Amino acid sequence: MEIFRTIFETSFFYYAICILGAYVVLAIISAQTLKRNINRSKITHYDAIISSPFSPLITVIAPAYNESMTIVENIKALLALYYPSFEIIVVNDGSKDDSLEKTIKAFDLEKVTYMIDYRIPCKEIVAIYKSRDKAYNNITVIDKLNGGKADALNAGINLAKGDYFISIDVDSIIDPYALQILIKPFLEETDRKVIATGGVVRIANSCKIEGGRLVEINVPDKFLPRCQVVEYNRAFLMGRLAWSRMDGLLLISGALGIFDKEIAIACGGYYTKTVGEDMELVVRMRKYMAEKKIKYKVDYVSDPLCWTEAPTSLKVLGSQRNRWTRGTIDTLFLHWNIFLNPKYGFMGMISHPFWVLFEWLAPIIEVIGVLYFLTIAIMGEPNWPYFFLLVTFAYFFAITFSTYAILFDHLAYHRYKKKRMIIKLILTAWVEPLLYHPCVVYWSLRGNYDYFIRKKKSWGKMTRVGFTKAS
Amino acid sequence: MLHTLALYSVIIMVFLPDYIQAQGPEIRNDSYGISQVKDSDSLQVSKNAGTTKKNSFSSDPVKSSTYKSEQLFQRIFGVKNLKALEKDLNEYGNSHLPPFMRRIFLEIVEKSFIYPIVFLIITLILVLLFNIISVIIILRYTNHQKNRRERYINIYRTRYEEILSGYLFHDIDWNTASILIKKKNKLLNRSVLISVLSNFQENLRGDFDNQIQEIFINLGLQTNAIKLIKSPFYYKKVSGIRQLTLLHPKGAYHFIKPYLNHSNDMVRAEAQASYIVLHPEDPFCFLKALTRSFNQWTQLTVFNLYRSYQLKVPSFVQYLNSENINVRNFSLVMITYFQQVENSPVILKMLESPQETTRFHCIRAINDLLLYEGRELIKCRYPFETRKNQIEIIKALRNIGNQDDFDFLENIFLTGFVTARTEACRSLYFISAEGHQRLIRMNQDADLKLEQYLAHITDSRN
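Going line by line, the protein sequences match chains A and B.
Residue numbering for the first sequence is 1 to 471, as defined by my numbering.
Residue numbering for the second sequence is 1 to 462, as defined by my numbering.
Bound conformation, chain A alone (with noise of 0.2 Å):
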């Protein structure tokens, strides 16, 4: 028993020192990196993409199902898209509602003969719409049946003309400047072949929208959204930033991504069996490119390049944090051969390692934990003087690590320029650890129960409220 005992309480004080160092490696990585983007950013201009005959043509792809109140909105926010060459495809994936009707109605749509070439299996294409209006010539209209979100962008991938597809969210705000800035990586490498890249996602709750575009932007006045902006802040600058320098990002956000078409097409596409369906292309796609050999590169650009409506009640939140778990648990174990396998490099020997230890593991670890001091503390046994100190150290380590965060992007970008909404974030930032922390928890574990117990597959409801329009 003691030496049972003696093992486990090891193997946690080793974790948590793991855990904590981690952090700080990644925080000092983001903001070295952070600071060469900004650099970099600062004298970059984008007039010759802009205005270039050579621009590579980028195929956005829009899956949407019953988005009905939104739908034409949001197309006509991303005809306002400043790029020379691209082209929309938006999938109908079966919608209940009238959708597509709307669209139709919307952009002059009629139904066109298409052969379409199936490269990725997806499910059937009843009909291709085209506009008849010249003005919105680049717009496909795809409706198929129901197969859900990686379904519609595989419908969408093999309709692509471009040689980069993007997939975004259709109620998600796309940043007019999105597409010269995304694909600025893929041109710029010479010596690798930029197989992705991610962009920083932000939280438009509380902000002004007007005709698709964000016009003023405001900290989110509920307490739920407020702290995802903590925790969006933490993980875009603090997280994804230090492992695309180190080459080991493994997730491209859903909400906005760039591929490389062909080799996206290559390793089969988005998998439909998943919930985690962006995380899992990346590392498929990481994985054909290190078992091909061939040297490659998943970039990130540090700008906030999409703006999306955060879940604003607990059930609803929960059900996005139980998809997510269950999506990373999918992926982790899908691709479980990479785990400590050299061959695959830094993704194989760190990043999937970590995200097992780290992302799927620590909620888990954190309970059990939890459990077993409440156990200790119920038998009399703990140092409660160590107790308290190190609850403290933990507590002022949490906000050190959020306030960074919002110090990051305040350095960087300076969105919120008011001094009410600084606070509001710092505010947000002492009380998440103690209000909000503890239900992404449980919402992880209700994920790890469906997926490994219950086999839940489904995305479940994500109900929105809807931006606020600009007066």
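These are calculated hints, taken from the structure and not from any lab test.
A couple of the hints might just be wrong.
Here are the simulated DSSO-like pairs of lysine-lysine, each with C-alpha atoms no more than 30 Å apart in a straight line [stated by the list, open to error]: (1) K123/A x K388/B; (2) K449/B x K161/A; (3) K193/A x K293/A; (4) K182/B x K42/A; (5) K208/A x K76/A.
All values derive from a computational prediction rather than experimental measurement.
Start from chain A and add chain B according to the hints.
This is chain B only, laid out in the frame that chain A set:
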């Protein structure tokens, strides 16, 4: 999710002292694989440091943990080192500090050696707290500064624009303008002035060019640009090169050359773009001496500059022999864009290139330049080409093909993948009316869904 996990995970650290305690002194020497430290040594140190005796530890968890943690420190740093450190600190306190501070200092030293882990954690907490407070102060300060700076820049930008446009459009003379330009020696104001002048230079053409350059020199702004070029930071170098090229081209001439093969891609790209502007007689001359990569982004940039300055078009064939693959590909694209048909033999020769992209540009050149002599060559290459190049070959045949290619296209239409079949159908249909007849005949022999293919290819939107 990321960091706050630490909150609960670190709680587990609380068990560390218990863990050490659980092992007891007998097994402790082995558990870490360090057996040099004897129990007697550690006890000795404990006594020296003023701790209670070993027997009392088991009854008091804090003290027992302290004893264990002390031992851990001894194992990590070595007993002798710790002893020496304690002695040094005590000596320092006794000899260097004033009496009122000495007592506090010595007490802290003593406590630190009695409760090392507690001391360490408290120190870490204080460091974190200090960090948080510092970050909040920085946030408060920088927010204020940034807002102030933005307002300041906006005010001066508007003011400078008004004065300089007044001078450029002859509403005021230079002396008046010079007096009206306030704070021109301040670094921030100088950068605002440079930005205003750059905007004018980009938007105004003709005689204004010289006038704007004169203003730049009169205000002595070139010294700032030269300083930037000489800076060790690449982003400053780039800004300097850009400012000098735009506003003082004569001065920039000598500075650019060393940077054409600079190790930093952004400096290199900027220098190459500048070279185009500064050497209108042979703008792409630098390609011959290029030893580093010439990425697509730079290619787009230099092409854009080249077009906007309407420079003389050189013969790009001279760069096709370059050892640099980026240069070769760029030249092929330029040959196609500028319709330099006289280069056809070299282009056809490049079809043998091992690089897929080079072959792609060759096929496209054959198509766009209507190089009929390349028709058979690309047909021969078809089975060995990548999918992308195969489609490009079929597309080329639509423009340069004739009736001799019908069998080839028919074969693709019958056996190829859907996109190849669609393009083959398109080529057959558009080469001549006979091609269309061949399609109809084929469809009679077997149901090939020809109507659908024809509907697809005749709809210009597809």
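Tested hints:
Among the hinted pairs, K123/A with K388/B is consistent with the structure: their alpha-carbon atoms are about 25 Å apart, no more than 30 Å. Distance check on the hinted pair: K449/B and K161/A sit about 22 Å apart at the alpha-carbon level, within 30 Å; holds. Annotation: proposed proximity of K193/A to K293/A holds, straight-line Cα distance about 11 Å (limit 30 Å). Of the supplied pair hints, the one linking K182/B and K42/A holds, its CA atoms being roughly 26 Å apart against a limit of 30 Å.
Restraint check for K208/A and K76/A: the C-alpha separation of about 17 Å stays at or below 30 Å, so the hint holds.
In summary, this structure violates none of the numbered hints.
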